[in-house]
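Engineer: Start from chain A and add chain B according to the hints.
Residues per chain are reported as follows:
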Amino acid sequence: VIGDFLSRVRGGPTVCGDGAWGSLLMERGLPSGRPPELWTLERPDLVRAIADEYVASGAEVVTTNTFGGSPLRLDAHRLAGHVETVNASAVKLAREAAADRAWVAASVGPSGRLLAPFGDVDPDVAYASFEQQIGVLADAGADIICVETMTDLAEATLAVRAAGTVAPRLPVIAMMTFEVTARGVFTVMGVRVEQAAQALADAGADVVGANCGYGVESMTIVAREFATHARTPIAIRPNAGMPQRRDGRLAYSEGPEMFAAAARNLMLPGVALVGGCCGTTPAHIRLLAGQLSASK
Amino acid sequence: MDLLTTLSTNLQEGNDRAVCVLTRQAIAAGLPPAEILDRALLSGMAAVGARFRDREIFLPDVLLAARAMHGAMALLKPLLAAGNVPSAGTVVLGTVSGDIHDIGKNLVAFMLQGAGFDVVDLGTDVAPDRFVDAAIDSGATVIGVSALLTTTMAGMAGVVDVVRRRGLSARVATIVGGAPVTDAFAREIGADAYASDAPSAVERIRGLVRRP
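Each protein sequence line maps, in turn, to chains A and B. Under the numbering used here, think of the first position of the first sequence as 8, with each following residue one higher. Under the numbering used here, think of the first position of the second sequence as 168, with each following residue one higher.
Chain B with its partners taken away, still in its complex shape:
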């Protein structure tokens, strides 16, 4: 098995120590950082995402893989930056006002960073104006809003409204997700997109930043 396949397999199994060792080996062997990222790490996380979507694996497995990914990215990031790999786009992320749950939001952040996005993570309990202020300050073209609770999801509409009220609808797209959130709900509040899990959030966001 070649080095990158081994790296990808270890990433999928969440072996964070092995992932760091193998990433160092790949760098030392002179493999281009972008290739390590693409062929081992991103493909590994995509496989993790697909298996989670099919519930072959569960949240703990995804969290372990994401942690391993994070370790590998810490090694690769300086090299990728030096190689002038262009950013895939800038995304503002946060959990809606009153909601303290960040597991899903953190996974999306991890996977976006892995996929080459710059992520401005505002954390939990984020007021609508903070999302929009952060998008303006960072030049982000996508705002991602997460909610876990039925008592907080209605607050997502506030973020979409503030984007509209401040005249940014043409420049900043909104995407929502979280356990109680559905596609129908996203459409009803006027969000540009909905994602049912972290991997599909990355796919949808890729489509959103390409918007003219």
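The following block holds chain A by itself, in its conformation from the complex:
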């Protein structure tokens, strides 16, 4: 039986996360351009099967298929009426697969809009959108709130604060997406790792870190910066490289062996959770889990 998440990330050993959802659903037939969240309602069997495969591969965290499940984001697909069902059903499917062997981490992605003053979305509106989604996720029984793929620190901290308000008893992971440039590591909005680690923890995140991006190797550089600057445990979930198109389908440059071997370099002091993002599959997670248990 899996214990308390916070004790585990604070005391170790490193938690094995799961891998991608959106890119895996596409591999299994989700048409390009169809919001992945819709498949929770239309193809629950497939969503459940992916969760099962991740648990069977050794993932100790099952992420919910709710990355784009905030009202602001669903509204852009004219699906605003589905906030409750999309989010609650996804938690239910993840919970069935996780049973008592894995934690259910409820994914909360960006709104997809720019906040004022750079864009037209009032921060209060974004906050309310996160509150609504996270409220449903928490009521449906998620174990963890996982804010991810953020590039704007203001938006990320709004999501973390919303979690603290509507799901005060749940641990919060907050991850942003960084680029490694010649001038240093930044999000496209210009946020540095040190700023992110501090502001996200100040907003109430229990675990901070990075996801998505450009593959394991560049993520190693990002992880090193977190290891230097974070005062909380760290979560790292790289992509399996960059997407390429082979025989009419998307494929990623880093296969399971390469990914798992390179992921060894992510296991730095403070890194408490390692998983995968776009392009990773149960096969990647199986080898990663082996790698993690070998280093325990």
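Any given hint could be a false lead.
Think about it this way: if two alpha-carbon atoms lie no more than 25 Å apart in a straight line, the pair counts; the simulated SDA-like pairs of lysine to any residue are [what the hints assert, rightly or not]:
#1 A:LYS99 x A:LEU86
#2 B:LYS244 x A:PHE125
#3 A:LYS99 x A:VAL173
#4 B:LYS244 x A:GLY126
Source of the hints: derived by calculation from the structure; they are not laboratory data. On a predicted model such as this, the values are computed, not experimentally measured, just so you know.
Structural biologist: Just chain B now, kept in the frame of chain A:
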């Protein structure tokens, strides 16, 4: 510092009020609109683009500069039109089916307009046939397709395919871009060009419209 240099500097700093005031001053001083555009606004945006590419500045800075550019263009456009400055070409832009992200696409639209192109902006979640219909209706010779998500980028191939299927490959070029998109991906789907950011999109599109 001369007026146009001051204008360019303020544009690069994203001071939209100052940019409007200085543009009005330049017009009142009798400077040719095409010169204001070229020497202050386009050169300013080019500098912004280069500094963003080197990550000396970030997306918020580019957005502020683009907003200031937009304000100045509103003042200059009627004068440029009256002066019969020829269009650099017509470009259809949009974000691919299922994708609602428009930040990058809007930047490209801004910068293309600034560079003298006519832009038909179809917005987000655009189906392949709509891109092609719009190109036919507007006489555009370039279609630009944006995607931010790994779950939507595959749809870019659909746009390239429809251009080909409808027999327009010789007349309409395709260019793709967005965070997960790479040059290799663009080549694999048969797009004519790839751009890694808004300034290089403008450069590449300039090359594409010159195609015979």
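Engineer: None of the hints should be skipped; say for each whether it holds.
Structural biologist: Consistency of the hints with the structure:
no.: 1; hint: A:LYS99 x A:LEU86; result: holds (20 Å)
no.: 2; hint: B:LYS244 x A:PHE125; result: holds (24 Å)
no.: 3; hint: A:LYS99 x A:VAL173; result: holds (19 Å)
no.: 4; hint: B:LYS244 x A:GLY126; result: holds (24 Å)
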